[in-house]
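*Asks:* Sequence:
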Amino acid sequence: MRVGVFGGTFDPVHLGHLILAEQCREQARLDRVLFVPAALPPHKREQALTPFAQRVEMLTLAISGHSAFRVEELEKDRIGPSFTVDTLAHLQHARPGDDLFFILGSDSLRDLPLWYEPRRILELATLLIVERPDALMMPEPTLKGQLRLEEDFALRMQAISSPLVAIASRDIRQRIASRRSVRYLIPRAVEAYIQDKGLYQNQTEPEV
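If you count the sequence shown from 1, you need to add 16 to reach the numbering used here.
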């Protein structure tokens, strides 16, 4: 199978996530897309996250009815930071014979050389790069140079075009805390879940 791997905190999942995943599924001809919520993202260690189980429940509600979408909870019991390379290695071991495709934005691609074991990530999966207007696609020679890869290294990348939907989970949380509408920004079932559980009601976001 051709399996897409879409990691993130999904706190909460929103329509931008779903549109991106569907575009990757269609354009890369994926048989399945795995949404992998992170337990402890390395770059968000100081951020208070909604409990893992509730983020999983919101994801499950959001993708209900899509036969190709699944929630993968492999990071639930992981000790320490959720590194992408560990996630991909686990999936490769658990799904021998499947081809893995790692989904990320062109803005995140610029930071890939700073990630933990980036070369190993490229060995484990094809990169599906979702192009963003504020971050041009990094040319293959540039990425190879930054990662100090050999010229004959088999770098597998595919650019994905997607509608520009400027929704961010942080903005959703701020809207809910300010009693503003999030209708049509998140799935209706997720909105109802947030209201029922009282999530994000009194949340204060740190200044950045």
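Hints are not guaranteed to be accurate.
Derived DEER-like restraints, expressed as beta-carbon distance ranges [stated by the list, open to error]:
#1 E166 with R111: 40 to 48 Å
#2 S194 with D168: 51 to 59 Å
#3 A69 with P149: 31 to 39 Å
#4 R135 with R191: 38 to 46 Å
For the record, the hints were derived by calculation from the structure and aren't laboratory data.
Beta carbons: idealized from backbone N, C-alpha and C, even for Gly.
*Asks:* If a hint holds in the structure, say so; if it doesn't, say that too.
*Replies:* Results for each hint:
1. E166 with R111: 40 to 48 Å: Given a distance of about 28 Å, which is not inside 40 to 48 Å, the answer is violated.
2. S194 with D168: 51 to 59 Å: holds, 54 Å
3. A69 with P149: 31 to 39 Å: Because 35 Å falls inside the window, the suggested range holds.
4. R135 with R191: 38 to 46 Å: holds, 40 Å
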